[in-house]
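Asks: Residue-level listing of the chains:
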Amino acid sequence: MTPLLQVRGLQAWYGATQVLHGIDFEIPAGAILALLGANGAGKTTTLRALCRMQVRTAGAVAVDGVDVTRHATADIVRLGLAHVPDGRGTFTQLTVEENLRLGAYTRRDRAAVDEDTRTMYRHFPRLDERRLQRAGTLSGGEQQMLAIARALMLRPRLLLLDEPSFGLAPLVVEDIFAILRRINQASGVSILLVEQNAVLALELADRACLIETGRVVLSGSAAALRNDEGVRRAYLGQ
Amino acid sequence: MEDVLQQVISGLATGSVYAIVALALVMIYQTTHHVNFAQGEMAMFCTYLAWALLQKGVPYWLAFAAATAIGFVVGAAVERVVIRPLAQAPVLAVVVVFIGLLVIFNSVAGWAFGYSVQTFPSPFGGGTGLWGGMVSAHQLGSLVVTVALLLLLFVFFRFTPWGLALRAVAENPASSSLVGIRVGSMLALGWGLASAIGAVAGMLVAPIVFLDPNMMMSVLLYAFAGAVLGGITSPVGAVVGGLAVGVLENLVGLLIGNELKLSVALALIIGVLLVRPAGLFGRVSVSRV
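Those protein sequence lines, which keep their order, are chains A and B. Residue numbering for the first sequence follows my numbering, starting at 1 and increasing by one per position. Residue numbering for the second sequence follows my numbering, starting at 1 and increasing by one per position.
None of these hints come from the bench; they were simulated from the model. Cβ coordinates follow ideal geometry from the N, Cα and C atoms, glycine included. Please note: incorrect hints may appear among the correct ones.
Unchecked claim - Footprint (simulated), chain B over chain A, 3 or more residues, beta carbon under 8 Å:
#, stretch
1, 48-56
2, 103-117
3, 198-211
4, 224-236
Given the sequences, and given the hints that come with them, work out the whole structure.
Replies: In structure tokens form, the structure reads like this:
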């Protein structure tokens, strides 16, 4: 079976500076993969390179066997990749409801979109209470929930999450990770998770890759990485 | 007192034209963060096309619709051909391009249609006597068209997916492409709309100022002042600012004299901006350095 996402020799540059030096990994449908690594290792760049956003790339990326190396960002999104960028990328001047409507911008099945909107409000009751508020007035945790809900409104096959725990209180983070697990189990959406918090990431993920200076230096099942001596010392603080 | 009321009403009528052009400027500014100095000349050019159609005996509203549609195409084409390649260019380069466009549209219109002043008909007739001579039929008609246009734009931006997408692109192009919006097409759409409503403004003002290649110069200046007064980041502000400039211009003309009306009106605007640099309705944008 072809994996949902297949990445071969992915390289990326900001201007003349090469940040990724040939990354390989794949994600089967329904799986959760975590990308671990220190600051500046290239995790965020990997997500951007997959969507061909703000970065020049080389190498092969295939979504469900379709080569997307020459696609524009909007067209990759239309294949079912929903990216929650770092800094969340919510539209702060628009209301919560408008943000969700934008998430479903490419969809034409209006009844199902309405149904999904209700589902999001069930997953995230806080957003329901703030429907008509501008997104910029939400707390950090609420904005992160909105960013994830907006991405799910696409009915994506793959959800790319960039540091969903960043800047949030531990309880809020736990909430969000519990919801992610529920959504993954309920709808079978695959998740590619970039996370500084390796403990959390390895709890949620099935598999993980460790990235250092733009290369994958270690990959395996989440359990295997949890027990790896180097990972334990460098990333789990044990 | 009656004089004052009359000047206010006619100020609202010319102000409505400033308001439309100001709105066009704001629409472009919101999506590209540039002021399109050629906005007025593009509108003038479309007005000439309407005039040419009218000369051929085309009915007024058909010519009006055609010129508006051509305005849309011209705006979208300018975005595609000239502006998009300059997306990463320094501000000054873009300013030069806009000034270049201004001169090009101006001289092409002069070359194609001549520099002599032409009359442009009003669809509302030449009636002058409404409400005891307070307001002309054309002034009233201009106000009605403006209000209708503003309502249409409001509905478009508030209730259609395209309008929502345009607002999204104006705020955050990168996130917009992440929800599958084709940002380039939306920019072209925004430019087309701005240029189309500019054309409407041109056709509304031409019966008053008469048609010649320079007719939009002062309109653009007033509209720009209105947009900045209201706040260049605020569509509502642009409309209010445009109307305010129109009324102010007339009242200063009545109370102080026509020679100084431009200077005094602009001095007042500068005064407001000294106190509120972001304009009456504008938001102060804070960017991290």
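Asks: Now, for every hint given, state plainly whether the structure supports it.
Replies: Comparing the hints with the structure gives:
Note: the stretch 48-56 of chain A has 3 residues with beta-carbon separation from chain B under 8 Å; the three-residue rule is met and the coverage holds. Note: the stretch 103-117 of chain A has 3 residues with beta-carbon separation from chain B under 8 Å; the three-residue rule is met and the coverage holds. Only when three residues or more bring their CB closer than 8 Å to a CB of chain B does the claim for the stretch 198-211 of chain A stand; here the count is 0, and the claim is violated. Restraint check on the stretch 224-236 of chain A versus chain B: 0 residues with Cβ-Cβ distances below 8 Å, three needed, restraint violated.
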